[in-house]
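Number of protein chains: 2
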Amino acid sequence: MLVGKPIPSHLAHHERYSRASGLAILSSDALSSVAYATEEILRTLLIAGTASLWLVTPIGSVIAGLMLVIAFSYRQTIHAYPGGGGAYRVARENLGTIPGLVAASALLLDYVLTVAVSIAAGVAAVTSAFPQWHVKSVELALAFLVLIAVGNLRGIRESGRIFAVPTFFFLGSMGMLLLVGAYKALTGQIVPIESAAAAFVPPETAPLTLFLVLRAFANGCTALTGIEAISDGVPAFKPPEAKNAATTLMIMAACAVTLFMGVTLLAGAYQVIPRQEETVISQLNRAILGGRGPFYYMVQASTTMILVLAANTAFSDFPRLASIIARDKFLPRQLANQGDRLAFSNGIVILSLLAGVLLVVFGGDTHALIPLYMLGVFVSFTLSQLGMVLKWRRERRPGWLGGALVNGIGATLTLIVLFVVAITKFTEGAWIIIVLIPVLVFHFLAIHRHYGRVAEQLSLKDLSATDKRHNTVVVPIGGVHRAVVQALEYARTLSDDVRAVYVDVDPHATQEIRELWTQWGKGIRLEILASPFRSVMEPLLEYIEITNDERPDDFVTVLLPEFVPARWWHHLLHNQRALLIKGALLFKPNVVVTSVPYHLRD
Amino acid sequence: MLVGKPIPSHLAHHERYSRASGLAILSSDALSSVAYATEEILRTLLIAGTASLWLVTPIGSVIAGLMLVIAFSYRQTIHAYPGGGGAYRVARENLGTIPGLVAASALLLDYVLTVAVSIAAGVAAVTSAFPQWHVKSVELALAFLVLIAVGNLRGIRESGRIFAVPTFFFLGSMGMLLLVGAYKALTGQIVPIESAAAAFVPPETAPLTLFLVLRAFANGCTALTGIEAISDGVPAFKPPEAKNAATTLMIMAACAVTLFMGVTLLAGAYQVIPRQEETVISQLNRAILGGRGPFYYMVQASTTMILVLAANTAFSDFPRLASIIARDKFLPRQLANQGDRLAFSNGIVILSLLAGVLLVVFGGDTHALIPLYMLGVFVSFTLSQLGMVLKWRRERRPGWLGGALVNGIGATLTLIVLFVVAITKFTEGAWIIIVLIPVLVFHFLAIHRHYGRVAEQLSLKDLSATDKRHNTVVVPIGGVHRAVVQALEYARTLSDDVRAVYVDVDPHATQEIRELWTQWGKGIRLEILASPFRSVMEPLLEYIEITNDERPDDFVTVLLPEFVPARWWHHLLHNQRALLIKGALLFKPNVVVTSVPYHLRD
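These protein sequence lines map, in sequence, to chains A and B.
Numbering-wise, the first sequence is residues 1 to 602 according to the numbering used here.
Numbering-wise, the second sequence is residues 1 to 602 according to the numbering used here.
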């Protein structure tokens with residue numbers, strides 16, 4: 001019920017994106033960061049006092065420029081990898097396995113953070129509109145998370161087309177807001193913002209250093225997240241896939257730059273000061289619309305919706321990337337088969353749990369999560385574009401120098417941002433990602449090595465065919481009852497060499513067994529084992545050992561009647577000995593232990 | 001290595017007790033309570049100020065009288081139950097199942113508390129001698145606990161005879177101390193005790209109410225614990241068992257009364273005031289011997305030793321009682337076979353964990369644990385003696401009236417103490433036991449009911465013999481490699497009707513399998529299942545279902561090649577699908593799922 005209907009293979013190709021639906025579905029991550037990017041710049045600048053807030057405009061402009069450069073760089077990736085050019089693939093093909101795995105780790109961490117940050121920001125949009133809910137931020141965030149997770153487990157992605165709604169709703173309502181805001185600003189109708197909430201001014205104002213400006217810049221670069229989404233999803237577009245995807249990317253970049261610069265410029269014009277309990281967008285929204293009217297709530301709702309949608313995209317990206325990595329044997333193979341609902345569900349559950357932990361640990365606060373978010377994003381940006389540069393150089397196709405230059409500039413700029421983020425945000429959480437990436441890469445490699453060794457051991461090389469082997473069936477019994485009779489019936493189907501084994505710990509009980517055996521033994525040999533130490537296990541294991549040694553190349557099957565109880569706690573009352581026997585025989589070659597289930601009614 | 005050598009059955013009877021060794025081994029619990037019983041009375045009286053401490057002598061005398069009554073009462077139990085008359089057995093036989101189970105619960109809880117209280121008191125004896133260790137009481141207690149538990153797991157009980165040493169050492173050194181103390185007291189050489197430690201006087205002294213005197217009495221009754229030990233162990237004595245046991249009980253009672261009254265009288269004479277960091281025995285010891293000399297340390301050492309020994313006896317009593325209850329099918333049957341080291345080890349581990357929790361929760365403080373201890377003891381006392389009364393009345397053998405009277409007086413007195421304890425100690429922890437006893441009884445009954453229902457279902461009544469049944473072997477494969485080839489070899493030994501099954505999720509891979517099959521298929525039929533939804537599980541389970549329906553009365557065996565990895569974490573990388581298949585097929589009748597192990601080197 002939770003998992004929903006599977007998708008037949010033959011339908012998978014029908015759901016191709018037009019430019020409009022591609023834009024709607026793949027750009028939510030990139031566009032939604034408009035909801036918090038400007039605020040992140042302002043919050044950092046505020047450390048040096050309100051007088052330094054004017055810097056938001058120049059910093060925002062640099063970031064907008066950077067966004068265009070990266071968009072052009074990724075446009076080339078789309079054409080080079082019409083089959084989908086995720087950072088993992090591009091880095092692995094052009095830079096080697098380790099850089100590929102670094103990109104993969106960065107991306108997986110990124111998806112987790114996309115979920116956490118987007119939900120946190122979505123909740124902030126809600127609590128800005130309804131300040132009384134601010135104290136319940138974490139609970140609200142977890143509620144959103146559970147909603148999205150369950151939706152995905154139920155298979156919400158099947159109805160992809162409805163995702164077009166929030167994106168266009170956001171573009172429309174945000175665009176309108178910015179137009180009205182710009183009109184009022186240009187016609188001198190700006191009214192100062194009233195707010196009961198406290199601003200984020202620290203008790204002592206710090207000096208405006210270059211480091212602080214760089215930190216503000218680093219925080220603002222969160223506007224750049226999500227640009228790569230379209231290049232990952234090229235094959236999902238209608239043909240000509242690459243061309244459509246590239247055009248969509250350009251439209252998206254244009255929208256993102258417009259919205260981000262619009263918010264940034266108006267935040268400057270309306271002199272928005274970041275506050276504890278209300279987002280910058282909400283303040284701007286109120287200032288422009290003159291209070292909390294219907295249109296105000298609509299803008300807030302559209303912001304929440306696109307942020308939830310952004311979180312939702314990570315829920316299909318994470319299992320997909322995990323399955324690609326698993327198919328390359330760097331992750332457990334049960335994640336590889338995307339067709340199995342289970343592989344997909346595993347991914348969703350892992351992603352939800354990790355995002356949930358982040359939301360709780362960081363108190364559902366967007367600002368606290370940003371330092372972790374940025375690092376992974378820029379690691380994958382840099383590796384992906386660096387890979388493109390090497391690809392141009394290797395292939396030397398016509399015009400490669402220009403192409404390499406575009407990607408090279410992109411790579412250099414993102415590398416610089418990466419360093420700025422790593423240095424300015426190190427103590428605020430970026431170190432977690434710096435530690436986690438090598439840890440993940442190490443595990444990827446260990447898994448890969450293991451699968452390699454297993455493949456070697458399983459190779460059919462030098463394996464010679466054998467004759468049909470003998471199978472001795474041993475049935476340890478603790479009494480004669482229906483479950484034992486059933487196990488004996490089963491034993492007789494397996495082999496002509498069946499031996500029931502009973503350990504004598506009490507002469508009376510043994511005599512009783514002997515008598516019952518004449519009626520129920522079905523002609524099967526009954527071995528009574530002496531037990532001087534009153535132990536049941538030791539004589540039994542010894543007997544199996546001896547039986548196995550009789551014919552070293554043949555099989556010994558140990559049949560254990562196993563009760564399948566109707567209630568879980570009844571397990572504690574049964575099968576303990578069977579479990580012990582299984583454990584003791586697990587490492588014996590050519591010994592197969594089989595449980596013959598006997599179903600109890602209650 | 002931890003568990004030691006098992007004991008052969010034919011040796012078990014050789015270790016019979018003489019009166020002396022019986023006394024030494026079975027009386028540690030009863031004698032060791034001398035170490036804290038007087039102190040418990042004094043601590044309660046101190047609540048009403050030092051002026052009320054004189055009451056220790058009358059209260060102690062009542063308790064000593066009670067001890068003699070109970071001893072005479074149990075003397076009769078020994079003669080009536082020469083095969084061992086534990087409270088569980090006596091109550092169950094004479095009063096019925098529920099009272100028997102109440103006694104059993106009380107006893108099991110008691111053993112846990114014997115361990116906790118004895119260790120806590122043993123640690124107090126150590127920290128009284130070495131006050132600097134007082135802050136580490138809990139750690140010391142846990143160290144003792146681990147020592148005893150590991151000793152028992154290793155099989156320390158095999159060398160039972162060395163346990164005679166601590167008991168006689170304690171009797172000797174304590175007797176000497178009391179003699180010297182009495183001599184000094186009678187000759188007027190008493191010197192006031194100096195102590196840096198604070199007395200337990202509460203900030204405001206309470207009035208000396210009857211309730212307080214009853215509380216002091218209830219606490220002092222801890223001196224009575226352990227009297228029943230000999231009546232439980234009658235068959236372990238040399239013949240004539242009952243006579244030897246009865247004599248030993250009388251000797252023990254005499255010793256216990258002498259020591260307890262000796263300590264109580266001298267504590268009064270030397271005006272000992274209970275203190276936070278030094279036991280009453282240690283203060284008395286110092287006062288009599290004039291400071292911490294070699295003999296002082298010897299007395300403290302002997303006290304610690306007998307307390308540790310008392311804790312140790314619970315380690316053989318607990319698993320023994322559990323096995324008796326399990327044989328009556330009120331506890332999981334894996335506890336029943338005492339011969340198996342494992343049943344015994346389970347008991348020891350459970351006992352140690354529970355005692356460890358108590359020691360930590362109650363801060364390793366004897367005084368805090370006493371309220372929990374007493375209740376169980378007096379429940380089993382009362383039920384056991386009440387059972388004896390009914391037995392006398394039922395059997396009406398010569399002299400039954402006198403016998404019933406002795407047991408009746410015992411039962412009445414212990415019932416009164418039980419009420420006094422339950423009322424005065426309720427809020428201090430006795431409520432925990434009052435809650436736990438019915439909870440345990442409820443579980444005993446539920447387990448019993450379940451085993452009864454299972455026995456019905458397993459009954460051979462109306463079971464008719466069947467012909468040899470057919471067995472269809474299904475081998476799901478995910479490729480062709482050594483583990484699969486081995487599984488096919490094994491499959492061929494089981495049946496002539498073997499079918500390998502492969503789910504087609506990728507036409508290329510399927511073609512490859514078909515080609516390999518011509519070489520490695522061993523003539524076994526290969527079924528290729530279509531999977532429109534790219535799922536592996538669903539077509540497979542459907543195929544097994546259909547195969548099972550072909551011959552509803554016959555068996556279907558599903559063989560799964562299973563990797564046995566060399567390192568535990570490799571489990572995460574394998575066999576996930578096998579686990580799912582097993583889970584999905586667990587409740588299907590006549591379907592047996594077998595893992596054919598393939599051992600990986602690394």
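Possibly wrong hints are sitting among the right ones.
Identical copies go unnamed one by one, so any copy, or any two together, can satisfy a pair.
[Said to hold, decoys possible] Only pairs whose alpha carbons sit at most 16 Å apart, straight line, appear in this in silico EDC-like list of lysine to aspartate or glutamate:
(1) Lys-468 to Glu-489
(2) Lys-522 to Asp-467
(3) Lys-136 to Glu-277
(4) Lys-588 to Glu-562
(5) Lys-461 to Asp-553
(6) Lys-588 to Glu-428
(7) Lys-184 to Asp-497
(8) Lys-136 to Glu-489
(9) Lys-468 to Asp-549
(10) Lys-136 to Asp-365
(11) Lys-582 to Glu-542
(12) Lys-582 to Glu-538
(13) Lys-522 to Asp-496
These are computed hints drawn from the structure, not numbers from a lab.
It should be emphasised that the depicted structure is a prediction, and the values quoted were computed from it without experimental measurement.
Evaluation of the provided hints:
no., hint, in the structure
1, Lys-468 to Glu-489, "between (23 Å within a copy, 7 Å between copies)"
2, Lys-522 to Asp-467, "between (30 Å within a copy, 10 Å between copies)"
3, Lys-136 to Glu-277, "within (12 Å within a copy, 49 Å between copies)"
4, Lys-588 to Glu-562, "between (21 Å within a copy, 13 Å between copies)"
5, Lys-461 to Asp-553, "neither (20 Å within a copy, 41 Å between copies)"
6, Lys-588 to Glu-428, "neither (53 Å within a copy, 55 Å between copies)"
7, Lys-184 to Asp-497, "neither (95 Å within a copy, 84 Å between copies)"
8, Lys-136 to Glu-489, "neither (63 Å within a copy, 62 Å between copies)"
9, Lys-468 to Asp-549, "neither (18 Å within a copy, 29 Å between copies)"
10, Lys-136 to Asp-365, "within (12 Å within a copy, 43 Å between copies)"
11, Lys-582 to Glu-542, "within (14 Å within a copy, 29 Å between copies)"
12, Lys-582 to Glu-538, "within (13 Å within a copy, 29 Å between copies)"
13, Lys-522 to Asp-496, "within (12 Å within a copy, 22 Å between copies)"
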